[in-house]
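Hints given; two lone chains; assemble the complex.
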Amino acid sequence: MSGKNDINISNKMKRQELFAEIKDQKNKERHTMRRQRAKEERENPELKEKRLKENVTKTIDNMRVYDETIANKDNNIEGEEIEVDDENDLMRFFNTSHRDHPPKIFLTTNVNAKKAAYEFANVLIEILPNVQFVKRKFGFKLKEIADMCNKRNFTDMVIINEDKKKVTGLTFMHLPEGPTFYFKISSYVEVLKIAGHGRPTSHIPELVLNNFQTKLGKTVGQLFQSIFPQNPDFEGRQVITLHNQRDYIFFRRHRYVFRDEEKVGLQELGPQFTMKLKRLQRGLREETEWEHTPDMDKDKKKFYL
Amino acid sequence: MRLLVSCTHNGSLKEIVCNPGTDTSIQTATQPLSVKSHMIENANAKISQLLNIEDTLVVARDNGTVELYHSKRVPHTVVSEDVTSTTEGESIDLKPEFDITEFESLSTVKDLLDDTILESISKKSSMRTKIYDTFVNMHQLPNNKDILLLATKSGLIHIIEIKKRKNLKLIKTHKVIAPLDFAQIYDNTKSKSIVFAYGGEENLVKLVQLSNNFKELTKIWEAKNVANDRLDMRVPVWPTGLKFLNPQDSDKIDSDKLNYQFVVVTHWSHLGIYQTQHGRKPLQYIDLLPKREPLARLEMVGDLTPTGNLKSSDINNFSLITTDLKKNVMRFNNKGRLITKFGKDDIVGSPYFVKTVNGKYVLQGGLDRYVRVFDLESARRIAKVYVTGKCNNILLLDDEDVEIPQLQPKGKQSQKKRHQPENETEQDVEELWDHLEENNTSKKAKK
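Here the protein sequences come in this chain order: A and B.
So in the working numbering the end of the first sequence lands on 305, straight run, no missing numbers.
So in the working numbering the end of the second sequence lands on 1447, straight run, no missing numbers.
If you are wondering where the hints come from, they were derived from the structure by calculation, not from laboratory data.
Built from N, CA and C at the ideal position, the CB exists for glycine as well.
Just to be clear, a hint being listed does not mean it is correct.
Pairs of lysine-lysine, DSSO-like flavour, derived with a Cα cap of 27 Å [as the list claims (entries may be wrong)]: (1) A:LYS137 x B:LYS1130; (2) B:LYS1326 x A:LYS278; (3) A:LYS298 x B:LYS1145; (4) B:LYS1163 x B:LYS1145; (5) B:LYS1145 x A:LYS137; (6) A:LYS184 x B:LYS1123; (7) B:LYS1163 x A:LYS278; (8) B:LYS1326 x B:LYS1311.
Label-pair ranges, simulated between beta-carbon atoms [said to hold, decoys possible]: (9) A:ASN62 x B:ARG1380: 32 to 38 Å; (10) A:VAL264 x B:ASP1346: 55 to 61 Å; (11) B:LYS1215 x A:VAL111: 53 to 59 Å; (12) A:ASN62 x B:THR1425: 52 to 58 Å.
To spell it out: a stretch of chain A is covered by chain B in this simulated footprint if at least three of its residues, at any positions, have a beta carbon under 8 Å from a beta carbon of chain B; those stretches are [as the list claims (entries may be wrong)]: (13) 44-50; (14) 108-115; (15) 174-180; (16) 280-292.
So that you can see chain B by itself, here it is in the shape it has in the complex (with noise of 0.2 Å):
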């Protein structure tokens, strides 16, 4: 499988070359075929989102620049001393063969954050150091591919061009209440207009509509608190993670009202299902976890969409992954119950990143410098792979094994072992179970 890594020490972008079983903290075990490092520059530009468009990738940095790289596959070459030899004395390349990729950079967009809107924020916040501006959310326009839409911790909402997969170019620039910590896109079903939803600390959750000339953003919808708790206290307010459902079923909905269903899980633990058609406030608000510990990121598990939703609408039976600030990475049910953890007793920084791949991956990094992948369904490790920074944003490119070539091996006797189960036909099992079944009888016979 072969990963696109962005490590926030130096900002740069580590591709990985590895095969299952890879685990870098035991030095007999299967170690990445290789690590390498792209465009390396400083802490203070380090890689926020990635995205990868057929050839070319999109990067953006917290420096505020989007950088288009166009990427190549170029065969690895393998070092001359490397070589092993084998006892007749002819030397065979053992090293597996395998493609390193190659960025050019293509175009570059810069001054797209802005701290001076946080300062007031950071203040205000339960958060105890500065926030600094950075970009939450990087996705195409499910319409037209060549569309990015980009949305910053600042509440600004960049609308940004690809032409002809060479050139970036600004079209238009929202702003929304900020700070955002996410800014879905709804692609469940095709529409004209693109509808997405933002919220962060403070900022209840919006739908919002963008028109199809990209020049004006209009609010459709906005919830509404919870009521206040059994102390009659205020709930606190921070959905920091939010995916879409698909839309109710038409026979039961209510044409006036919109109709979009939404999961949501916020700092303080809760899970929200929400559905517009019930009302702005949730149908569902659990608490995950005691004493109101952050939750940080949301990911469906299932039939997912390109921007993450989930393309199915039943609200009662989905799961979901997410992920605190200590190490736990958690697989909920809807009811809000622990399915699995991931990597429990081997995570120890705040994992920062997670992600679902394919429905069979969880991409998972952060603060303890280690990406690992884990099988969705097992929650069994696959790879684990050091690399020297945090980690803040995984791609994974191909999920293909490079084959490791072996020598062959010289006794025709382990050559013949091998063999024996592949001619085992489906008559020899048969007659095995026969002889067994008979064996049996007869026991029984004697008693």
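Same shape as in the complex, but just chain A (with noise of 0.2 Å):
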């Protein structure tokens, strides 16, 4: 009890009685003068808007550390070279025109899997567009794999990670030249824990990819792009989210229906599930390129997506 009212009572229960009667008062207080604040704003709308401008809440995203490679015509000394400079270099790896080439995606697990890995492929055949699941045999490279892929014009390859009875990976390949990203998963609830959740049907989605920022992290969002065909089927009403929030990146998928002029209804698809980049590499998991490391965590507000 520091500060301006100092309470000096030795009686434990009277001290606790006084700091009650205080804390009741402040809370009135504070009450009638919100609610006041309302019945301002209501009449004169700006007066929000105002409040709302100069009050930002300070959050751990907002506070991020500064960096270079975000996008920003600010920090940018010479105003031409953004544009050049923007197109990334795996982008040409990247199918750039779906039409000619739709993504052709080779689904499979890593060697000796468990059930929970076939039940993992099992959502993702439904949520990948064009997909085959291969069951992983014993005895070849990756690059034999990968040839094999070549050969029959797959686009991408996805590889199920599973330790333990639990699925904890996933490496997305791009086909023939790189490159490799490896995701960690974790919090995967399954359609049927999610509560009134709705059927999938087997309309191309939408895609939404939501603050990915830094040139690695716009190379993450390139690989969702190329992996999904770019001509969705509006009238299925489907949208995939990837919304990414302080490196961790969310999957969710939903359906919406538009109520009235104003009102818009959303019902969940499922599954949900939470990924993590891990490491991105040149070529099939050849040269790295970025790799996290436990030590990236000691900073809370640096991020790298």
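See below:
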């Protein structure tokens, strides 16, 4: 009890009583203030706008450490350079025109996978477009698998990683030249566990990529762009959202409905899971381009995506 | 310092002018004075080799062209808006004065690469993706500075003449066994013929001699693989970097045999020390890293020749810098002991390019899109600049600092304070020491 109104009462019960009284008073003041403010702002909506503009909450996200790879016109000295440099050199490996080469995905698991991996594969078959699952057999090297996929015109290879009967990781490899992304998978919630979930249709979903800002983040965004066809069936009203927050990528799938001109309804289709980028490698798992290390977690306000 | 950096994303060459202490990842730190792109092309024409010869620059691109540029320094023009004004009303130009290089294309030679040779090789290779042809080396010949020797991954050895510093002319192309990861010219001693070493994936180190008229290329020596390991498995071969040392001293040598000494690092993390007098197998073959993790480059530390060979014949006392494919730039001694790591906790991507310059600096660039300059001895970082693209090759043009004009301090006191230590003479210092000693003795006496 320090500050302006020190309470010097030695009886603990009395002290508590008094403190409760002061607190109650403060709460009441606050509530009346809020009520009044709401009333004023209802009459004059500009005030609310002004208040919200002035009082911005400090969050970990908006206090993030400066990262020069975030394309920002203010911090670039030569304005003309932005356009040229923004184009990523990984871009040329990815499918640029989906009309000519629609994504064709090869899905498999780690060697000696258990039930959890196959269940997750079933889920991914529903999510990913134009996908073919092949049971992983022992005795093939990665290079041989990639060769076989190339001959059959696959554009991407996805490998589910299962450890101790839990799905722990997901590898995305773009064929034939890479790059390779390895994500950690966590917080997997299956469809049946989601209350009020809907049943997905086979329409091509729309894709929402949220908050991929840095150069590395944009590369990850490009990966998802290249995996999903860019001509969604709007009549299916299905959306896949990949929301990046503090380097965790949240996967959600919804169906939307326009109830009237203002209201929109959302129905979750599931599943839910969270991905975290652990490694980005050039080629098919060759030189490391970026790797997450434990000491990167030291700084709570530094984000890489 | 002035750096030329080749960026792979658009095949450009960036000129960076910066002072020590530059760090672009921190907003408040010193920023580079200028970062300017030259010769922008596309990602397929990225620059793999750079060579600066006085006022010309030779550039080898991955589309198989070699270009000659004339470089000219032009004073940097300051944009008028940036002029800072002082409180007294008069505006003083406080912008540092420095030059910027302009490049003028003089001549090109085309079609020097051949991808077809590498097709069968990339099927056998342990690399999982297709290997594309690139230049692995470009150097001036030690006895004729107007002749360039270029080696490609596909095993083509091109000899190119620079005529009157204006024209490039292809004289001769030789073929050696592909694939190549390096081709290192021997320039420790003066001789008429040119000897160079090459090697690559499943391609043991070979020494070849190029005749004086560049018409003949003869193999003079070939290494032999080490004995099988303790499980009787063959040790895989893949030298990725080689540097020569001076030849052995004259009193012990056998004149029938060749006299070369060189150091090799391999993709399977070996450090091999070879003496041609000793035999075809290495004198020492040390594992530098556990689990045979790949090593990519080799740079020697000490007094170096123009092509990077060490000017010393002592194989028991040298140190080297090498990189792996993850994020480490390491300095080892000849026994294979790790001495220092450069850019620990700072580099996040594979350090593709490392070079020691003037026995003072280590230049590093790679997949994490930063160019870094380190102090060689202390491994302290001198500069770190973001270049927006992955970096392939770096050239240090000069290491002079650009003077940054500063405002004259207004108060006389501050000036006085600054001058005080300068006025201090040796006498004063001695007096101070005497005084301190007196104090000490008096304390002891009290006890």
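The hints, checked one at a time:
1. A:LYS137 x B:LYS1130: holds, 24 Å
2. B:LYS1326 x A:LYS278: Roughly 13 Å between the alpha carbons, so the hint for LYS1326 of chain B and LYS278 of chain A holds.
3. A:LYS298 x B:LYS1145: violated, 52 Å
4. B:LYS1163 x B:LYS1145: holds, 11 Å
5. B:LYS1145 x A:LYS137: violated, 58 Å
6. A:LYS184 x B:LYS1123: violated, 31 Å
7. B:LYS1163 x A:LYS278: Distance ~52 Å between LYS1163 of chain B and LYS278 of chain A Cα, so the pair is violated.
8. B:LYS1326 x B:LYS1311: violated, 31 Å
9. A:ASN62 x B:ARG1380: 32 to 38 Å: At roughly 34 Å between Cβ atoms, ARG1380 of chain B and ASN62 of chain A fall inside 32 to 38 Å, so the hint holds.
10. A:VAL264 x B:ASP1346: 55 to 61 Å: violated, 47 Å
11. B:LYS1215 x A:VAL111: 53 to 59 Å: Given range 53 to 59 Å: holds, Cβ gap about 55 Å.
12. A:ASN62 x B:THR1425: 52 to 58 Å: holds, 57 Å
13. 44-50: Violated, because only 0 residues of the region 44-50 of chain A bring their Cβ atoms closer than 8 Å to Cβ atoms of chain B.
14. 108-115: violated (count 0)
15. 174-180: Check passed, 3 qualifying residues.
16. 280-292: holds (count 10)
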